[in-house]
Structure formats: structure tokens, C-alpha cells
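Residue numbers (our numbering): 975 to 1151.
It is worth saying that the hints were derived from the structure and are not from the lab.
Note that the structure is predicted; figures quoted are calculated from it, not measured.
Hints may contain errors.
Said to hold, decoys possible - No more than 20 Å apart at the CA atoms, straight line, and that leaves these computed lysine to aspartate or glutamate pairs for EDC-like: (1) Lys-1015 <-> Glu-1129; (2) Lys-1134 <-> Asp-1029; (3) Lys-1015 <-> Glu-1133; (4) Lys-1116 <-> Glu-1051.
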Amino acid sequence: MKKFIKISLFFLLLIFLLVASTGIALWYLWSSNLPYIGSLKDYNPPIITEVFTDDGQIIGKFSDEKRVLVPLNEISEHAINAFIAVEDARFFQHKGIDFFGILRALLKNIKARRIEQGGSTITQQVTKSLLLKNPARTYKRKVREALLSLQIEREFSKEKILYLYLNQIYMGHGLYG
975 MKKFIKISLF FLLLIFLLVA STGIALWYLW SSNLPYIGSL KDYNPPIITE VFTDDGQIIG
1035 KFSDEKRVLV PLNEISEHAI NAFIAVEDAR FFQHKGIDFF GILRALLKNI KARRIEQGGS
1095 TITQQVTKSL LLKNPARTYK RKVREALLSL QIEREFSKEK ILYLYLNQIY MGHGLYG
């Protein structure tokens, strides 16, 4: 019996070491070549180009996207609170990844037997929208998204992240932010 316990513990330790080393190797591999988050400091999305007459009258507007950058202090507090309530209720409590949100979404999706809800935070949505252009839904992309989100939360204030999010999100019908 003692021999069986020793062999079992040895194999459990071996499996643990194998899983841990594989996880560390994948983490290292997937975290290499991450996009530079410093580009978010100079957030400059395409906006509407306006053409004026000599006396200041607008004679035309040109753009691929309907977007006007709005400073956070000019956005209604009610609108900000509504977006936070719907998209990431724990925005001010987490550091880029909301493990409770992920668990809640996972349980809801298991119960529904299909994907009904995501667990992405506002920071992860900023990461996906501005830094990771590959829309593929893979584990690799989700890990990279999580790593970048943690970096963004360390580098930028919650207000800056909200500013980026509220000026970047797609609202439908070609309207952004």
C-alpha cells in the first residue's frame, strides 16, 4: 500500500510539473512579440474631415467612419455609468481581468449550452479593438489580450481606459465612439 501511494504521488508530481512547464512555455511563447501599448498614449483614430468656406461655413464632411473624439469630462456621467453597468460592472475593482466576470459568463454559457455571454472587461475590449487586429477567437489571442490588458491597467488610469473605450467602440451604422 505504501508503495502504491509513493508511486501515485510521484506520478501526480510528474503530471503537475508537466502541466506547469507546458503552461509556462505557452505563456512565454504567447507573450513574446506583444504590440507596444505606448501607442495608446497618442490615440488618434480616423475622424471626420470638414471642409470650410472662407467665412467659416461647413461645405462638406468626409470620412470612412462617423467619429468625433469627445473628452471624458464632456461625456454625460449617466452615459458613462450606463456603459460601465452593461459592459463591465466591476471596472473599478479589477486590474484588467475580471475573474468573477469570466466565471459568471462560463457558468451562464454552460447552463445555456452555447455562448450567450462574454467575460471580457472594458480594458480587454480596448486591447482587442486597438492593439490586436486578429479577430480569431483562439486561446492564444485571449492570453495575449489578458497580458496586454494587465499592462494597460498598470500604465494607464481608469479614466484614460474609459476615454479610449468610449471613443473607439462601434455603435452601429458606421458610428464609432
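Hints, verified against the model:
1. Lys-1015 <-> Glu-1129: holds, 10 Å
2. Lys-1134 <-> Asp-1029: violated, 36 Å
3. Lys-1015 <-> Glu-1133: holds, 13 Å
4. Lys-1116 <-> Glu-1051: This hinted pair is violated, its Cα atoms lying about 31 Å apart.
In terms of the numbered hints stated before, the structure departs from hints 2 and 4, listed from lowest to highest.
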